[in-house]
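K.L.:
Assembly of the complex is requested from the two constituent chains, each provided in isolation within its own frame, with the hints serving as guidance.
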Amino acid sequence: MRESVSAELLERCRRGDESAWAELVRATQREVYTLCLRILRNPDDAAEASQDAYVRAWKGLKSFRGEASFTTWLYRVASNAAISKQRSRKRSREHEVSSDDEMLASLPSGESTEGRADVRAELETLERALRALPEHYRAAVVLRDVYGMSIDEIAGQLAISESAAKVRVHRGRKKLKEMVFPANGTKL
Amino acid sequence: MNCGDLRGRMASYESGAEPTRREVRHLSRCKECAQEMARYGLLAESLEELSSQVVMVPAALEAALIAIPSAARPRLRAAVVVTHLRRNRRSYASGVALALTAGAATWATRSRRLEAA
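Top to bottom, those sequences are chains A and B.
As numbered in my numbering, residues 75 to 262 make up the first sequence, in order.
As numbered in my numbering, residues 3 to 119 make up the second sequence, in order.
Here chain B stands alone, though its shape is the one from the complex (with noise of 0.2 Å):
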């Protein structure tokens, strides 16, 4: 194993692996790749360490998240309408349809009876 194949696979290696016994032989005799294994090592775990770090979120966002709930309900509900009309379309369509002849059958027979007077 040379200098160059173990430092090609170093920035493969998961947090917390243990390296090889190839790799732990070449380490224990090479000071430089021991020394960058070493830097990975210490990136590895400082990155973990940045989960915990976090930052203050603005005051304007957090008043905006809380008030998702109420935000989505009307449109939850303008969902919910469309849908339901969506789905009785043909119901709806049908009585607008018999709601239309009844009033023209009544205009037409209101129309013959001043006529006929």
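Same shape as in the complex, but just chain A (with noise of 0.2 Å):
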């Protein structure tokens, strides 16, 4: 998360400070909310699950102590609301299609990517081959390769064992591979 958190801001969060609670919330729905879009794809479902984190993180803070940097942790409540919205909803296949649709309309603009409009479409072609992905791969990955959770973390989020974890990072990088250069070419 590039917003930094300050221990300050999190202890005025503590003591119930609502002023302090609306600045943390700005400094990190971004990355929340799409961490949120990345595992689950469609907006709706994201923009629930990120409510739902930061329920979780509002009744927490007072027992989060600190081990982890609060984003790390911020990270793990949204990415466990994120996979708790997955296993809860029923889709259709034409719901994935839509909000394929959806989530393309909402990339990122010019913001973080200034002048690069090479690397945001190479960036753009992954978006689309993560969320070809199956399901199951794509969390896998996603946690794994986006956003730096280690394989027990991920295990414990999917509720699965670590070997199972391993191999759906494996065959979700494998296929992830295959898909971003189809023919055996060589630029992403």
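Warning: the hint list may mix true and false statements.
With a Cα cut of at most 27 Å, we get these calculated DSS-like pairs of lysine-lysine [to be verified]: (1) A:LYS159 x A:LYS133; (2) A:LYS249 x B:LYS33; (3) A:LYS248 x A:LYS159; (4) B:LYS33 x A:LYS251; (5) A:LYS248 x B:LYS33; (6) A:LYS240 x A:LYS159; (7) A:LYS159 x A:LYS136.
Since the hints were made in silico from the structure, they are not lab data.
P.N.:
Here is the structure:
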């Protein structure tokens, strides 16, 4: 997460300072929402999962002891909320297709890739490929390779064994590579 | 080492991990495996780069997230009241029973006085 959350801001939130909470939300919401969107693909589901994540974060702030950085903790909470949402929702094929278009429309604009249209195009290709990955591979690859979670954390989040998590990451990467380099080309 | 062995493991390499000496030797001789390895490397770098790519949050969501403390407050207060009542249910039950007994006794006394009058 690019935005840092200071210990002082966290302390104010713990004391129930609502303006501090608003500051914390503004500093972190884009990363949290994007993570949920990458796992769930559907903007409405991602919004609901983000809300769940922040409700859990608000309730859990007092017990957060700072063993990990706050943003790492918040990522865990968010991915947990997204995966819970993924388990509970019932999706149709039409739903998945329409959500692709919606997510594509909400892809980041020039801010983070200013003047780098080529890079943006490559990352869009990658986002598309990620979205096309089967759900169980996608969550594992997103958590491992985009957000840098450890295999044991992923196993915990997905409620699977560590070896199953490794297999999902391995197979997901392989499929992703085949999608991104379909004709053995070298360009992403 | 053959191409199949090496390629089977490529997807398991962690980002930035160095290949073993045997693998390096194979990669220096096999152009196709070297290309495949480069593809995985490029994929890993690009996936990592995605973490800095964020989407805009819908305005309604931001408002809902900011409102979480105030939305949670009534529920928290209600939860506190419920917990208090549960913990002190015996005391409250005794109090209610005492009040009912006292009321019944008063009513009985008044009835007797009315009858006597």
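K.L.:
With reference to the structure, classify each hint as holding or not holding.
P.N.:
Hint check:
With a C-alpha separation of about 19 Å, the suggested pairing of A:LYS159 with A:LYS133 holds against the 27 Å cut-off. Restraint check for A:LYS249 and B:LYS33: the C-alpha separation of about 22 Å stays at or below 27 Å, so the hint holds. The straight-line distance between the Cα atoms of A:LYS248 and A:LYS159 is roughly 26 Å, inside the 27 Å bound, and the hint therefore holds. Under the criterion of a C-alpha separation no larger than 27 Å, the hint pairing B:LYS33 with A:LYS251 is consistent with the structure, at around 18 Å.
A distance of roughly 19 Å separates the Cα atoms of A:LYS248 and B:LYS33; the hinted pair therefore holds under the 27 Å criterion. With a CA separation close to 22 Å, the supplied pair A:LYS240 and A:LYS159 stays within the 27 Å bound. For the suggested pair A:LYS159 and A:LYS136, the alpha carbons sit about 25 Å apart, so the restraint of at most 27 Å is met.
In this structure, none of the earlier numbered hints is contradicted; all agree with it.
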